[in-house]
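> Each chain, written out:
2 protein chains.
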Amino acid sequence: MELHGYFRSSASYRVRIGLNLKGLEYDYYAVNLLKSEQKGDTYRKLNPQGLVPALVDGDTVLTQSLAILEWLDDRHPEPALLPRDSLQRARIRALSYTIACDIQPVQNLRILKYLQSEFAVDDEQKTGWVRQWIHEGFSALEQQLDPAPFAAGEEPGLFECCLIPQIYNAERFGMDIADYPAIHRIARACAEIPAFIEARPENQPDSTL
Amino acid sequence: MELHGYFRSSASYRVRIGLNLKGLEYDYYAVNLLKSEQKGDTYRKLNPQGLVPALVDGDTVLTQSLAILEWLDDRHPEPALLPRDSLQRARIRALSYTIACDIQPVQNLRILKYLQSEFAVDDEQKTGWVRQWIHEGFSALEQQLDPAPFAAGEEPGLFECCLIPQIYNAERFGMDIADYPAIHRIARACAEIPAFIEARPENQPDSTL
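Taken in sequence, the protein lines are chains D and H. Read in order, the letters of the first sequence are residues 1 to 209 in the UniProt record's numbering. Read in order, the letters of the second sequence are residues 1 to 209 in the UniProt record's numbering.
The following block holds chain D by itself, in its conformation from the complex:
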C-alpha cells in the first residue's frame, strides 16, 4: 500500500497510526502542503479534493482519513479499531467525530491561512481561535471518557488514532494537556506503544525536508 500524506497533517497522522496498529506495511509518499503539492495535477489525480491523505492499494484509491480507517477495519479486522458491540461502536465513533468533525476542521492549515489573508487575523488571535475549539472539544471529551486505559477499554483504536494527532496540534499551539486528565492519561499510555511512536510527525522522512 502507498500512503500519500504530510508529516504534520492530522489526517495523515491518524492513518499512519491505524496502519501501524494493524501491522500493515506501506510506502510513504510525502505531499508537501507548504508547497501546495496537494493542489497540483499529480496529486489531484489521486484525490480531486486536494487534501491529504490518500491510501493506494493496488487499483484502489481511498481518501478521507476516517473512511480509510473504517475500511482498514473491514479488510483487516484484527486488531480491531472499533468495538464489536454496536452501541459501544457508536460511542467510540461519536468521541472520534468530536475531534474529526468539531475540533480539527476549524483549525487546519487552509482555514488558518484564510483567517490571516482575508480577515487579517494576527498570530495571537489565531492562537486564541485554535485553543478555543480544542478546549471546547477536549472539555466535552473529559466528561465522556471512562477510566479504562483507552476509550474503548484495554486496547487503543479509532478514537486514539484521532486523539493523538489532535494533542500534537494542541501542543504546537502551547496548550498543556495535563489540564485534561483523562486525555492526558490516554496520551501517556499511547506514548509507550511502537505503533504510535513510529507514526509521530518527527519520525517521518519529510519532517526534515
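Hints are computed from structural coordinates only; laboratory data are not their basis. It is possible that part of the hints are untrue.
Note: identical chains are not told apart, hence a pair may lie in one copy or across any two.
[Said to hold, decoys possible] Derived EDC-like pairs: lysine to aspartate or glutamate, alpha-carbon spacing no greater than 20 Å straight-line:
no., residue 1, residue 2
1, 39, 142
2, 22, 57
3, 45, 136
4, 45, 146
5, 45, 142
Since the model is a prediction, treat every value here as computed from it, not as a measurement.
Assemble the complex: chain D is given as a structure, and chain H must be docked to it using the hints.
Structure of chain H alone, referenced to chain D:
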C-alpha cells in the same frame, strides 16, 4: 425514540432524514440554539458537548449525527444507508465526510458567531467565508459523483443524509445549486421522496417558534 434537535441544524436534519428513510417513529424535542438551550444544564445531561442532535432510545443516549446514522444502520439494516461492499462503503463514507468534516464544521453557528464577535467579520465577509468552503467541497464532490441517481446507486443513503442539509445551508447563503450539476441532480431526486420532504426544516414544529 426521542430526537433532540433544532430545525435548522444540519446535523439534526441529517438524523431526521435517516430515521425517515428507515421508517422509524420518533418524538421530536426542539432545542433552541438561538436561546443557547443546547448549553443549558438540562440538555447537557444528554450531551455534555452541548451540540445537537441527541437521540434517546430507552436508556441509551447517542450523539454525533454520523455515529447515530451508523448505529441506525447497524440496528435497523433495511433499507441500508451504506453499501454492503467494503470498498463502496469507504467511497460513500469519504463523500459524506467531505461534507461532515470539511464543509459543515467551518460554517456552523458557533463558528460564525465567533468570527463576528472576535474578528469583527461583517455580513459580506461571513457570506464569502461560507461560500468558499461550500464551493471547494462541492467542486470536489462534482468530480467524484457517478451518474447514478444517488451516490451509491439506486437508493439514497448516508451521503444524501449529509448532502441535502448542506444544500439547504448553501441556499441560505445565496448559492445556486444548479452550478453543481451532479449535486443538483441528486437534490432534485431527493426532493420527490417523502423521507426527505418530511425532514425539511420548514416542516419541523420549531420552525414557527
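> Now tell me, hint by hint, if it's right for this structure.
Each hint, compared with the structure:
no. : hint     : verdict
1   : 39 / 142 : between (37 Å within a copy, 16 Å between copies)
2   : 22 / 57  : within (15 Å within a copy, 33 Å between copies)
3   : 45 / 136 : between (37 Å within a copy, 16 Å between copies)
4   : 45 / 146 : between (42 Å within a copy, 16 Å between copies)
5   : 45 / 142 : between (40 Å within a copy, 14 Å between copies)
Violated hints for the displayed structure: none, as all numbered hints are satisfied.
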